[in-house]
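Colleague: Following the hints, position chain B against chain A.
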Amino acid sequence: MKPTPDTVAQPPEQLRYARVLDRGSKVGLVVLLLSFGAYLSGLMSAHVPPERLPDLWIHPVARYLELTQSPTGWGWLPLIHLGDMAGLLGIAILAGASVACLLALVPLYAARGDKAFVAICLAEVAVVVLAASGWLSGGH
Amino acid sequence: MHLPRSAVLGPGLLMLAASAQAAAPGPTGGVPWWVWPLALFVACFLMGIVAVPAGIGGGTLFVPIVGSFFPFHLDFVRGAGLLVALASALSAGPMLLRGGLGSLRLALPLAVLASASSIGGAVLGLAMPANVVQVLLGAVVLGIVVLMFVSKKSEFPRVEQPDALAQALALNGVFIDGASRRVVHWQVHRTIPGLLTFLGIGVLAGMFGIGAGWANVPALNLLMGAPLKVSAGTSSVVLSLVDSSAAWVYVNKGAVLPMIAVPSVIGMMLGARIGARLLNVLKGSVIRRMVIAVLLFAGVRALLKGLGVWP
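Chains A and B supply the protein sequences, listed in that same order. Residue numbers for the first sequence follow my numbering, beginning at 7 and rising by one. Residue numbers for the second sequence follow my numbering, beginning at 54 and rising by one.
Hints were generated in silico from the structure; no laboratory data involved. Fair warning: there could be bad hints in the mix.
[Stated by the list, open to error] For each label pair, taking beta carbons as the anchor points, the in silico distance ranges come out as:
1) B:Pro246 <-> A:Gly48: 53 to 59 Å
2) A:Ala125 <-> B:Leu177: 25 to 31 Å
3) B:Ala183 <-> A:Trp80: 45 to 51 Å
4) A:Glu57 <-> B:Ala223: 53 to 59 Å
5) B:Lys205 <-> A:Gly48: 52 to 58 Å
6) A:Glu57 <-> B:Arg235: 44 to 50 Å
[To be verified] Here are a few chain A residues that sit away from chain B, every Cβ distance over 10 Å (derived from the structure):
7) Leu49
8) Ser51
9) Ile86
10) Ala117
11) Gly119
[Stated by the list, open to error] Computed, partial: chain A to chain B, Cβ under 8 Å:
12) Ala44
13) Val67
14) Leu94
15) Pro113
16) Ala116
17) Ala122
Even for Gly, the Cβ is constructed at its ideal location relative to N, Cα and C.
Chain A on its own, in the form it takes in the complex:
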């Protein structure tokens, strides 16, 4: 019998990572599509109406924020009832999906005594969380 990709078993942590990543990215994409649909259709009101955007997106981000009084950092979260801000929820899920994947690996590596990869996973989680915190980019 000729081998197929399934006949070579991949490490359990790789398969677990793939499973969590698959779910996380699908949830993120669905949220992104639904919120964008609600924004475009006018079902949800917007912080910045779409018809104003062509006059605004030509500016650097600092000027755009000034003109629209848009929030930075996690300031969009309290405004999630607005269509354009709700779109950021899907983006946040996509950008945060890897954290859940990495945390799911830690118990597997720890059980095997693979301390190096426990440390690498936690270091990567720390990097993504640091980026998400907005602390480095002055988001708050």
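Modeller: For chain B alone, kept in the frame of chain A given last:
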């Protein structure tokens, strides 16, 4: 019938870019707002189709083309570019990992360094004046064109002995080559130069918002000695982690506009699906030459735009 389809796609991309550019002299140019997300969706759909057979990430095409030919400020284009590359990498990741074409064990150590440096690159890129970023982007894109011309590939590089770090971290794996149906065991070497290279790649990915597959694959394949298919698959896993970190910087800075990012992500993902199905129909070498031509044009345009010669 290889040529006619690819001959339609290439001019299609250029015509779309040119028409968008023609309509963009003023802030609005009298164009209704919805034309832009629609044009962006179509452009990204076409980019997605050609990206797969050309063997290049959609994110690499996105920033130079959209940054040069659409009216959006480069800050928003880079934010959207990172999301395009991230969404593509996240979608492909699970399949690549299950099939053994992406190695998590190889990706994680490289991704830690590249993610950290991508944050620095993103912060730096958003702090620099737009014209400086345009000039640097033009130079990087022209560098990619040169790399696409001269870069050699090694299907199964010979790695006689893994280095001490690769051995300690067990950076090896096994996969089945779909073409030969042969079980391939692989290992890597030159781990420390590889880690340092990924540190630099992270800066570029964060600063320009371009997917860095064009740099990841040669680094994994030619420098570290991973098989070509494992290099391409692992590059996607690395990208999913690196772009996550950099994307957060752009989100926190307010440089991600859903009106630009969402049509781009959807268009690119739909186009990539079509591109994958047309892989056997379209002639890869023709598409690749066409993409090189478009990138060359976009790179020169970015350079001249940054220098104020072609605003």
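Colleague: Hint by hint, note whether the structure agrees.
Modeller: Comparing the hints with the structure gives:
1. B:Pro246 <-> A:Gly48: 53 to 59 Å: 54 Å, holds
2. A:Ala125 <-> B:Leu177: 25 to 31 Å: Holds: the Cβ-Cβ distance is about 27 Å, inside 25 to 31 Å.
3. B:Ala183 <-> A:Trp80: 45 to 51 Å: 26 Å, violated
4. A:Glu57 <-> B:Ala223: 53 to 59 Å: 56 Å, holds
5. B:Lys205 <-> A:Gly48: 52 to 58 Å: 54 Å, holds
6. A:Glu57 <-> B:Arg235: 44 to 50 Å: Roughly 58 Å apart at Cβ, these two residues miss the hinted range, so it is violated.
7. Leu49: 14 Å, holds
8. Ser51: 14 Å, holds
9. Ile86: Since the minimum Cβ distance to chain B is about 12 Å, Ile86 (chain A) lies beyond 10 Å and the statement holds.
10. Ala117: For Ala117 (chain A), whose nearest Cβ neighbour in chain B is about 16 Å away, the distance exceeds 10 Å, so it holds.
11. Gly119: 13 Å, holds
12. Ala44: 11 Å, violated
13. Val67: This hint holds: Val67 (chain A) lies near chain B, its Cβ roughly 4 Å from the closest one there, short of 8 Å.
14. Leu94: 7 Å, holds
15. Pro113: Where the cut-off is 8 Å and the nearest Cβ of chain B is about 15 Å from Pro113 (chain A), the hint is violated.
16. Ala116: At about 15 Å, which exceeds the 8 Å cut-off, the nearest Cβ of chain B leaves the hint on Ala116 (chain A) violated.
17. Ala122: 6 Å, holds
The structure fails hints 3, 6, 12, 15, 16 (numbered hints given earlier, in ascending order).
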